[in-house]
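Residue numbers (our numbering), protein chains in the order written: chain A, 1 to 502; chain B, 1001 to 1150.
Incorrect hints may appear among the rest.
Claimed, not checked - A short list of chain B residues far from chain A (calculated; beta carbon distances all over 12 angstroms):
{"hint": "1", "residue": "A1002"}
{"hint": "2", "residue": "P1147"}
{"hint": "3", "residue": "W1148"}
What the hints assert, rightly or not - Below 25 angstroms or equal to it, Euclidean Cα-Cα: the simulated DMTMM-like pairs (lysine to aspartate or glutamate) are:
{"hint": "4", "chain 1": "A", "residue 1": "K385", "chain 2": "B", "residue 2": "E1119"}
{"hint": "5", "chain 1": "B", "residue 1": "K1064", "chain 2": "A", "residue 2": "E430"}
{"hint": "6", "chain 1": "A", "residue 1": "K243", "chain 2": "A", "residue 2": "D288"}
{"hint": "7", "chain 1": "A", "residue 1": "K103", "chain 2": "A", "residue 2": "E248"}
{"hint": "8", "chain 1": "A", "residue 1": "K141", "chain 2": "A", "residue 2": "D2"}
{"hint": "9", "chain 1": "B", "residue 1": "K1076", "chain 2": "B", "residue 2": "E1119"}
{"hint": "10", "chain 1": "A", "residue 1": "K428", "chain 2": "B", "residue 2": "E1068"}
{"hint": "11", "chain 1": "B", "residue 1": "K1076", "chain 2": "A", "residue 2": "E432"}
{"hint": "12", "chain 1": "A", "residue 1": "K428", "chain 2": "A", "residue 2": "E224"}
{"hint": "13", "chain 1": "A", "residue 1": "K287", "chain 2": "A", "residue 2": "E248"}
{"hint": "14", "chain 1": "A", "residue 1": "K382", "chain 2": "B", "residue 2": "E1068"}
{"hint": "15", "chain 1": "A", "residue 1": "K284", "chain 2": "A", "residue 2": "E248"}
{"hint": "16", "chain 1": "B", "residue 1": "K1118", "chain 2": "A", "residue 2": "E224"}
{"hint": "17", "chain 1": "B", "residue 1": "K1066", "chain 2": "A", "residue 2": "E432"}
{"hint": "18", "chain 1": "A", "residue 1": "K141", "chain 2": "A", "residue 2": "D460"}
{"hint": "19", "chain 1": "B", "residue 1": "K1076", "chain 2": "A", "residue 2": "E224"}
{"hint": "20", "chain 1": "B", "residue 1": "K1064", "chain 2": "A", "residue 2": "E432"}
{"hint": "21", "chain 1": "A", "residue 1": "K382", "chain 2": "B", "residue 2": "E1119"}
{"hint": "22", "chain 1": "A", "residue 1": "K428", "chain 2": "B", "residue 2": "E1114"}
{"hint": "23", "chain 1": "A", "residue 1": "K103", "chain 2": "A", "residue 2": "D288"}
{"hint": "24", "chain 1": "B", "residue 1": "K1076", "chain 2": "A", "residue 2": "E430"}
{"hint": "25", "chain 1": "B", "residue 1": "K1066", "chain 2": "A", "residue 2": "E430"}
Source of the hints: derived by calculation from the structure; they are not laboratory data.
The beta-carbon is built from N, C-alpha and C at its ideal position, and this holds for glycine as well.
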Amino acid sequence: MDLFNHLALGFGVALTPVNLLYALIGALVGTLIGVLPGIGPVATIAMLLPTTYALQPVSALIMLAGIYYGAQYGGSTTSILLNMPGETSSAVTCLDGYQMARKGQAGAALAIAALGSFFAGCVATVFVATVAIPLSELALKFGPAEYCSLMILGLIGAVVLAHGSLLKAIAMVVLGLLLGLVGTDVNSGAARFAFGVPELIDGLGIVSVAMGLFGFAEILTNLESTEVRELITAKIGGLWLTKQQFKEAWPAVLRGTGIGSILGLLPGGGAMLASFGSYALEKKIAKDPSRFGKGAIQGVAGPESANNAGAQTSFIPLLTLGIPENAVMALMVGAMTIHNIQPGPQVMTSNPGLFWGLVVSMWVGNLMLVVLNLPLIGIWIKLLKVPYRVLYPAILLFCAIGVYSINNTSFDVAQTAVFGLLGLIFVKLECEPAPLLLGFVLGPMMEENLRRAMLLSRGDPTVFFTRPISLGMLIAAAALLLLIVAPNFRKKREEAFAEGET
Amino acid sequence: MAFIRHPKDFFAGLIFVAFGLAAVIIGSNYSLGTAARMGPGYFPRILGILLLVLGVALSLRALKIKGEPLARWYWKPTLVVLGSVVAFGILVNYIGLAIATVGLVFGSSAASHEFRPKEALISGILLSALAVGVFIFGLNLQLPIWPWSN
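One chain only, chain A, in its complex shape (with noise of 0.2 angstroms):
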């Protein structure tokens, strides 16, 4: 079988010990960050990518792609102990995991979100090798007004999955689509909105734009509160699972895993909207939902089953059509661009060894996260007890030398300085980042092939319309923005993104 040879490629180049030594720092990494509240993969990527310029490419993904799905795991550790989301893709497990906690369960809540997550990363991995192939054969047969017409399914779909108002996120689009223009133009070789400054000739970096919108934003908002954290004392009692709990637990992994594997495919979705979905499924099916809430293990179960499931099927719209559905795979495009790799459905067959690699570490990475997580457990609770007031100067110090070292200049340090005021700006009024970043990334895509798409047909505009694929994903797009204007869905999305809120 085909699948069986990729995945032999795959485990091949996984295998091998720096790329084992790279997945294991980048799930320690990510477990880290999830742990500690106050800092988000996509600030702790931005923050790497610089390092790993001197990295092989396969290497620099492996670490980056384990930061985001050890986030997952790291993010429910928080929720359950400090009922205080470590990753906002962790926030519905506070609900049930720190009422656990509360009652002595809080190994048993550490022990499910554990091994649901392991459960779930299984899965998603054999489903990113099943789906890439069929997806970027697909895609290849994509010319420029299909790719014109994706990019808008996906930067519609990324606005109206995403929470907070319609209008603003996608104002918030066409701002990074304009962003992401600053610099020299391909075709023309015109240098635009770079005021004459020569390093924004070469565009605003995406590091900078990332860590500023969501690293010094964050740290910005952090600053304002005077809120101080309560650390669970009691036990956490014994890491595992009574048979009782097993069995309680065990359908709702396998849910999670399916709703996560599916959302996480969405754009805008990924490991938050794959865990609000769950939660919300479950409590929806449950014989007795007033328990939710409460402390029942289903709602542990399932949200960190989906969110690691969505953190992983997430990769697939971006290795096999080259669209990041959310600001995680925006950055890494970034990644992939720094090693000279054209994010598409030409990866597969252009560079397969990093491609299954990657597919193939995932699995890895999991399977390193179950069992260093668990024993690990009372190292990552010590480090909770270090104040926020030690700990952001610090990710204030590894952040501003990231940056200052990808071109050695002073200059790219201000410039996210700027962002980052920005960023705090768009918190103040309820602006999403991450569309933004989203459109930043796509911006030069969008351009290069609504140019091509355009040239092709002698400026006739009505290609977009007259080919049936570009034409099935428009009316897609439309339909979806018809959804959320019909007041039904609407209700049902505030309600979705309301419950981890409370």
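Following the hints, complete the assembly by docking chain B onto the known chain A.
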């Protein structure tokens, strides 16, 4: 300004209008080309106009629907944190990573409402040693360690 009923949306709209206008005005220097052969000004103009329209719509809508008031802005942490970072970026090549790190850590720590000078200084020195070890000796970053190492 009682006529603004949704200040968050209103000001967000203004920001988008500003960016949209800037894109259209600055972009007017770039040649448009034709639809079949787009010049460097074509796509930015489309986006600029789109952003402008979205911003105006958002601001106008903010006069009709009601929303929460603006959240308070804390100037001190913003200025202290971003200021220390920018200063670090400018100075690191002159005073070296060791001293610049202590400066950044100590300076940015002052933004916290639970600032403890002694603790911040110790943490700065420890992080300085770590940063020099990891970035200069480990990752071979081209940065001076001390002011005189250039």
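Satisfaction of hint between A/E432 and B/K1064, Cα-Cα up to 25 angstroms: holds (22 angstroms)
A/K243 paired with A/D288 [C-alpha distance capped at 25 angstroms]: holds (20 angstroms)
Agreement of A/K385 and B/E1119 with the hint, judged by alpha carbon distance not exceeding 25 angstroms: holds (15 angstroms)
Given pair status - B/E1119, B/K1076, alpha carbons within 25 angstroms: Between B/K1076 and B/E1119 the Cα gap is close to 20 angstroms, so the pair holds against 25 angstroms.
Restraint status (C-alpha distance of A/K103 to A/D288 at most 25 angstroms): OK: A/K103 and A/D288 at ~19 angstroms, within 25 angstroms.
25 angstroms limit on alpha-carbon distance, applied to hinted pair B/K1076 and A/E432: holds (24 angstroms)
Given pair status - A/E224, B/K1118, alpha carbons within 25 angstroms: Status holds; Cα separation ~22 angstroms.
12 angstroms cut-off, C-beta based - B/A1002 kept clear of every residue in chain A: Nearest chain A Cβ is 19 angstroms from B/A1002, so the label holds.
Restraint status (C-alpha distance of A/K287 to A/E248 at most 25 angstroms): Satisfied, since the Cα-Cα distance of roughly 12 angstroms is no more than 25 angstroms.
Hinted pair B/K1066 and A/E430, Cα distance within 25 angstroms: holds (15 angstroms)
Holds or violated: A/K428 to A/E224, with C-alpha atoms at most 25 angstroms apart: holds (12 angstroms)
Given pair status - A/E248, A/K103, alpha carbons within 25 angstroms: holds (17 angstroms)
Going down the numbered hints, you'll see the structure goes against just number 14.
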